[in-house]
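Protein chains: 2
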Amino acid sequence: MPNISGPAAKKIIKGALLREKVAERAAECVAQGLTTTSLRGVDSHGIRLIHHYLAGVKSGRINPCPAYKITKKLPTTAVLDADNTFGHAAGMEAVKLAMEMAEEYGSGQVAIKNSTHFGAAAYFALEIAGHDMIGMSFTHSDSLIIPTHGKRSFLGNNPVCFAAPVAGEGPFCLDMATSIITFNAVRRLRELGEKAPENVGTDANGIPTTNPNEMTMLLPVGSYKGYGLSLMVEILCSMLTGMNYGSHISKMFENIEQKRHLGHFITATNISGFQEVGVFKERLAALLCELRSEPALNEEQPIMVAGDPEKKKYLSRDQDGIPLSDDEFKQFRNLNKTYQLNVELD
Amino acid sequence: MPNISGPAAKKIIKGALLREKVAERAAECVAQGLTTTSLRGVDSHGIRLIHHYLAGVKSGRINPCPAYKITKKLPTTAVLDADNTFGHAAGMEAVKLAMEMAEEYGSGQVAIKNSTHFGAAAYFALEIAGHDMIGMSFTHSDSLIIPTHGKRSFLGNNPVCFAAPVAGEGPFCLDMATSIITFNAVRRLRELGEKAPENVGTDANGIPTTNPNEMTMLLPVGSYKGYGLSLMVEILCSMLTGMNYGSHISKMFENIEQKRHLGHFITATNISGFQEVGVFKERLAALLCELRSEPALNEEQPIMVAGDPEKKKYLSRDQDGIPLSDDEFKQFRNLNKTYQLNVELD
Numbered sequence: 538m539p540n541i542s543g544p545a546a547k548k549i550i551k552g553a554l555l556r557e558k559v560a561e562r563a564a565e566c567v568a569q570g571l572t573t574t575s576l577r578g579v580d581s582h583g584i585r586l587i588h589h590y591l592a593g594v595k596s597g598r599i600n601p602c603p604a605y606k607i608t609k610k611l612p613t614t615a616v617l618d619a620d621n622t623f624g625h626a627a628g629m630e631a632v633k634l635a636m637e638m639a640e641e642y643g644s645g646q647v648a649i650k651n652s653t654h655f656g657a658a659a660y661f662a663l664e665i666a667g668h669d670m671i672g673m674s675f676t677h678s679d680s681l682i683i684p685t686h687g688k689r690s691f692l693g694n695n696p697v698c699f700a701a702p703v704a705g706e707g708p709f710c711l712d713m714a715t716s717i718i719t720f721n722a723v724r725r726l727r728e729l730g731e732k733a734p735e736n737v738g739t740d741a742n743g744i745p746t747t748n749p750n751e752m753t754m755l756l757p758v759g760s761y762k763g764y765g766l767s768l769m770v771e772i773l774c775s776m777l778t779g780m781n782y783g784s785h786i787s788k789m790f791e792n793i794e795q796k797r798h799l800g801h802f803i804t805a806t807n808i809s810g811f812q813e814v815g816v817f818k819e820r821l822a823a824l825l826c827e828l829r830s831e832p833a834l835n836e837e838q839p840i841m842v843a844g845d846p847e848k849k850k851y852l853s854r855d856q857d858g859i860p861l862s863d864d865e866f867k868q869f870r871n872l873n874k875t876y877q878l879n880v881e882l883d
Numbered sequence: 538m539p540n541i542s543g544p545a546a547k548k549i550i551k552g553a554l555l556r557e558k559v560a561e562r563a564a565e566c567v568a569q570g571l572t573t574t575s576l577r578g579v580d581s582h583g584i585r586l587i588h589h590y591l592a593g594v595k596s597g598r599i600n601p602c603p604a605y606k607i608t609k610k611l612p613t614t615a616v617l618d619a620d621n622t623f624g625h626a627a628g629m630e631a632v633k634l635a636m637e638m639a640e641e642y643g644s645g646q647v648a649i650k651n652s653t654h655f656g657a658a659a660y661f662a663l664e665i666a667g668h669d670m671i672g673m674s675f676t677h678s679d680s681l682i683i684p685t686h687g688k689r690s691f692l693g694n695n696p697v698c699f700a701a702p703v704a705g706e707g708p709f710c711l712d713m714a715t716s717i718i719t720f721n722a723v724r725r726l727r728e729l730g731e732k733a734p735e736n737v738g739t740d741a742n743g744i745p746t747t748n749p750n751e752m753t754m755l756l757p758v759g760s761y762k763g764y765g766l767s768l769m770v771e772i773l774c775s776m777l778t779g780m781n782y783g784s785h786i787s788k789m790f791e792n793i794e795q796k797r798h799l800g801h802f803i804t805a806t807n808i809s810g811f812q813e814v815g816v817f818k819e820r821l822a823a824l825l826c827e828l829r830s831e832p833a834l835n836e837e838q839p840i841m842v843a844g845d846p847e848k849k850k851y852l853s854r855d856q857d858g859i860p861l862s863d864d865e866f867k868q869f870r871n872l873n874k875t876y877q878l879n880v881e882l883d
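Heads up: the protein sequence lines correspond to chains V and E, in order.
Taking the numbering used here, the leading residue of the first sequence gets 538, the next gets one more, and so forth.
Taking the numbering used here, the leading residue of the second sequence gets 538, the next gets one more, and so forth.
Treat the hints loosely; a few may be bogus.
You can't tell identical chains apart in this list, so a pair holds if it fits in one copy or across any two.
To be verified - Here are the computed lysine-lysine pairs in the DSS-like style, where the Cα-Cα straight-line distance is at most 30 Å:
| # | residue 1 | residue 2 |
| --- | --- | --- |
| 1 | 633 | 609 |
| 2 | 850 | 688 |
| 3 | 732 | 688 |
| 4 | 849 | 688 |
| 5 | 874 | 610 |
| 6 | 633 | 610 |
If you're looking for bench data, these hints aren't it; they were derived computationally from the structure.
For reference, chain V alone in the conformation it holds in the complex (with noise of 0.2 Å):
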């Protein structure tokens, strides 16, 4: 398998865009949000992403230079029109303002609306987190998940991400999917001829199979208790914004040059506020050690807290780099040459 340097694919996916002519700070956002979540380890939403989203440039789903629109009613609030720019853009735009309102007021609360798809949630809450702040992100999606007792999906895979600083090591960090498994783990099983658990997906008439070929949609994760979750997101992103919900939102891989008016959610709060962050850190560090120096059921699965398979990918992935298919990594060398970045990839 051809690997990728973390830094050559930052390089051709922000020249990509730039020769695109997206803004330069979005193109940052974007490279830098790809590049860091396939470091983490999280393929499905890393830099293989960058094909569809250029798609998207030029079928004119996403603007490239967006012009925001921030609207502060109350000094801790804010809606951001994202005016159809990349998600990776305008939630880092939030998270900078959402910090700034948290600095001064304690906490900052901003809810984006005509976005696009945004990435891995964990960027921008690890962004805060890396700034001794509480950060928490939320999206809302196309429709993926069965409510509980029904048999079409109606909410999306909406996700939760609350991160928190660490002494001495990266922010703790906790990103999760509200199904049981995702749409991508469904394609891999496809591709590799193996057969789901049992009760994570339904095929098209909502009866649960095994058979990843006709799975086409999931189950919520503690049934009706993910189910909720999801729900929350929604509220949070659909509902403080007035962008569309549930089956309702336009779906990503379809009508390319559909704008997806989508809403984020992103939360920063100023851990001063309640504690002094020095103490906060070390305490946090204190309780994670003990937690993982549990005593396992089976000493080859030792215990983790949330974020610890990504912070040991992302060791591992910026010394090798991050591993691609063949076909892959020949796309990353077509987009290399079609916009003559000139980037040493082998």
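For chain V, the structure is supplied; the task is to place chain E on it using the hints.
Below, chain E without anything else, positioned relative to chain V:
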């Protein structure tokens, strides 16, 4: 099965607390919180707890007349020192404070320290949603769930609660524990002599069992996702407050004379900082209506949204009263008699 009406239960609870010299406002919050929780069908966190609470007052665990201390370092953050009083009462002070901050600044976040059991998280989030704001409430609790790959419990069954106002009906309310089933459900299975479902809990060695008599620990909902959510709640309730965490938290039903030093976290978000409240509520009503009208897999089990079972239960119990076992009814009659409350019961 004998029933007790909501108003009668509330009068007995409040009366008994007042006779034990609990401050009027605290007694009102506990009585109101326990009664509405039972009316909503959440028996594990309802009126049955009064006996445990009275024991806590008598033993010195719960301070009947607290002097709250509020430390407000920034306009939208506060730490409320509950002075070891009832969690219900301290929580309601925090609700008031968070809403005042949200009214003026858009959001309000209050961390509570030195508290005791606060009952159902929904009591607080629903109060906020009843004032047309978005409410969230969290509490940590003593060790009960096993971290993924682990074999002994560390974190508590820390709940996540989110409530938002809806046009034409009571608020949407998701109040979820982070285990698959509650320990109360395990106790009920013991009484009924029934088996537990597979993979919801373990014996004292961390081995999954379906025998409720052997079940001493619970598994997190959705494996590492529920575990991650539980840890998120622990961070909000312990790290922001300086309280103990996980297995260091004293047990609810042991050493009744011991102070518990619990932490909670409550947030209020002013909807009008983002969107006209009327529009928010109407659109949320439409979303919930659409979900409830989605086709069901089995006609006898229609689609619901979080909080629907509790709304339905409230309607019937508000009419017919709260069902109690003969023993439980007798205990309420005894309170009525012991404290000479003269509440009409039969």
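We went through each hint and held it up to the structure:
In this assembly of identical chains, the alpha carbons of residue 633 and residue 609 lie at most 30 Å apart whether taken from the same copy (14 Å) or from different copies (24 Å). In this homomeric assembly, residue 850 and residue 688 come within 30 Å of each other (Cα to Cα) only across copies, at 25 Å, whereas the closest approach inside a single copy is 37 Å. In the homo-oligomer, the alpha carbons of residue 732 and residue 688 lie at most 30 Å apart both inside one protomer (21 Å) and across protomers (29 Å), since each shortest distance falls under that limit. For the identical chains of this complex, residue 849 and residue 688 are inter-copy neighbours only, at 23 Å across copies versus 38 Å inside a copy, given an alpha-carbon limit of 30 Å.
For a Cα distance limit of 30 Å, the shortest separation of residue 874 from residue 610 qualifies neither inside one copy, at 48 Å, nor across copies, at 55 Å. In this assembly of identical chains, residue 633 and residue 610 lie within 30 Å of each other by CA distance both inside one copy and across copies; the values are 17 Å within and 22 Å between.
The earlier numbered hint that this structure contradicts is number 5, and it is the only one.
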